[in-house]
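J.: In case you want the letters, here they are:
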Amino acid sequence: MVMGRYIIIALCFFASHVVFAADAPDLEDQTRAISTELRCVVCQNLSIADSPSEMAQQMRAIVREQLQAGKSPQQIKDFFVTKYGGWVLLKPATEGFSLLVWIVPFVALVIGLALGIFFIRRWAAKKRSAQPVTADPKLLARVREEFASAETEELDLEDPSPRAPLLQERSRLYADLKELEFDYQQGKLSQADYVDLRRDVETKAATILGNLDEMAASAVREKVAARRPQAAKQTEVVPPKAGLRGWQVAVGAAFLLVFGLTLGVVITNSLKPRGGEGDSITGDFLTGTPTASKSDLSALLQEGRTAFNKQDLRKAIEVFKKVLAADPNQPEANSYMGMILMQAGHADGALMAFDKALSQVPNFAMALWGKGMALYQGKQDYAGALEVFEKLLPLLPPGEDRNAVVKLLAEIPAAGKKPQGTAKLAATTAPSSSSAPSASSGQITGQITIDPKLKAAINPQAVLFVIARPAAGGGPPLAVKKIDRPSFPLSYSLGAENVMTQGMPFTGKITVTVRLDQDGNPGTRGPGDLTGNFKKNPVEVGSKNVDIVLDQVAK
Amino acid sequence: MALRRLIVTLAVIAPVLWLLAFGFQRDARHINSPLIAKQAAPFTVTLFDGGKLSLSDLRGKAVFLNFWASWCPPCRAEARDLEAAWQKVKDKNLVFLGIALQDTEKDSRAFLEEFKITYPNGRDESGKIGVDYGTWGIPESFFIDPQGRITYKHVGGIRAALVIAKLENAAKGIVSAQEGKGDFVPVR
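Those protein sequence lines, which keep their order, are chains A and B. Numbering-wise, the numbering used here puts 258 at position 257 of the first sequence, and it's gapless, one number per residue. Numbering-wise, the numbering used here puts 319 at position 4 of the second sequence, and it's gapless, one number per residue.
Hints were generated in silico from the structure; no laboratory data involved. All figures in this text were calculated on a predicted structure; none of them were measured in a lab. Yeah, the Cβ is synthetic: ideal placement off N, Cα and C, and Gly gets one too. Each hint should be verified, as a subset may be incorrect.
Short, incomplete list of chain B residues facing chain A, as computed with Cβ under 7 Å [as the list claims (entries may be wrong)]:
#, residue
1, 346
2, 349
3, 442
4, 502
Here chain A stands alone, though its shape is the one from the complex (with noise of 0.2 Å):
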């Protein structure tokens, strides 16, 4: 009895042995099954079952949990496609929108074989129809007559006249009707189809004599007209349709030729990985963003001086990297990349950039004043930034920017007195602006109202811009303030707080305007969007009461 129990005991171990064993392939297959089945996020067409990543480990280890948790394969695609959306699965649902891409491949085929059907027979009609349906019955005897008799002439393969052509042809064509007798007699052609074909041989067998005969009177009336060397010239011999045939062959050789030769090159230079959120796979290629060549460098930079300005960096830095990849050296590029690094807080980075574009031009100005600025308030480096600036202030001319250089020359030894401890934490907070010399400068302020005949235009997803430019020169907007969907009337300050480039002093005449775009997009300046400029500028920072009428509507 106890050892009946034993082996009941035993053999549920083992049983269950059995089981645990038969069940791990099963989840492992099944995991790797859906695995194949869902895309690697951050791969380019993998599944997560074949792809090494980090991320497709994890997205695997998650389906096997899901599995263990007795879910079925469709809950865990589900799950999926909740986070990712339905791009996450390699297969698209059958369903929705998704049945597209199953079903259009299909209706492309079917339409590709139809159009192809219609071509074929629309050519094997023409050609059929441009086969002579009859010959010169006297060509045609001839044709048997030589055939029965096998009196043809012999061929004389380095003949280098127009007739050997012919002459091959004549031949080729009498021995497919030996070889269609034989087949005849064999039995491998019906009675019909043999009638058909040696009619259609012997036609062209006649043609062919046909065209030697009438090389032959050819040949009589040169010698005549040799003898009369005025009709000489008008004498000219018709080409055989062979060499035709010859010249669309080559071309079409050719053009294949250079087709192929096109897709190969230029689809292997356009493949690449993708690298960031910028890129295709095709590269620049497709995109209409062919790499710089130095010719186009003006504009490019005019481009990006532009996306600056509106501070679309990432549209910036895309241009400028076009810019330093044709001319790595280029120093506004550099400059523009360096006020780019000051903004993300990369002040290091953002010296290397000046450093370079100096050494190119070594009096750059708004290099240098990009690297004075880097070394005042990026590394608190204010012997070094004293430095520079000096040598800055007597490259520029009497205004503005030479009265901020000024200004900042009298300002950085005071702070340069500061504690060693405030300059620590003020490196540390390098973004935020309000550590900027100009932060007590003061503000600009005022009130914001729109044309009461253009309040029907306002789009609610509008946004409202109030931009300063310095008086002097115009040039990139020295602070821009953002207001989402806007309602007027609107106070407004403009201080320090929002100037665009990093350490920037918001100082002087400012000359101050508003746009309500549109769109919302501050990239794109499209018809519609709404103007208005302060009556009286420039204004001093400080002032009060600089009220602005959006009044205007651009084209």
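Based on the hints, put chain B in the right spot on chain A.
T.: Chain B alone, transformed into the frame defined by chain A:
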């Protein structure tokens, strides 16, 4: 006749080429996340200070949830901005929570130290929270309203002003239709 044939051929080929070009250029990952306006997935994360934090504990507050990694340059670029934004709103009924993704504890701690981050941060060790939020590039930021609904998603670096504006929107339950985009790096 030849011109007509050329026009017909182009009319057939041009849309196909356009479709091909469009497909090559388009990154499917940029299709709007299905998570926007949906309930945020619940999670509990162990914070670097040793405590635990559950999303459900934050119900009733607008939450800024930021996925980052110490090896990700755009995360470094935005780090100071995020801390500056936190300093501006920390006294309001708003919560910042950072989650390190695909990162070691040592590197994550060094990152927080370097940028003097003071808001709560934890680490997603298994990557499950990242998958639950459909992350594929970092930094990625989510804004969650007091009812626990995702109101806005931003893939890539984000500036302080936008964080505050979107968080204030989240506090009011305003959902943004479009995702935001910035510089990012794909997760590994």
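J.: Taking the hints in turn, state whether each one holds.
T.: How the hints compare with the structure:
Using the Cβ-Cβ criterion of 7 Å, the hint placing residue 346 (chain B) at the interface with chain A is satisfied: the shortest such distance is roughly 6 Å. Hint on residue 349 (chain B) holds. Least Cβ distance to chain A is approximately 5 Å, under the 7 Å limit. A hinted interface residue such as residue 442 (chain B) counts as satisfied when its beta carbon comes closer than 7 Å to some beta carbon of chain A; here the least separation is about 3 Å, so the hint holds. With 7 Å as the threshold, the beta carbon of residue 502 (chain B) comes within range of chain A, its nearest partner Cβ sitting at about 5 Å, so the hint holds.
Of the numbered hints listed earlier, not one is contradicted by the structure.
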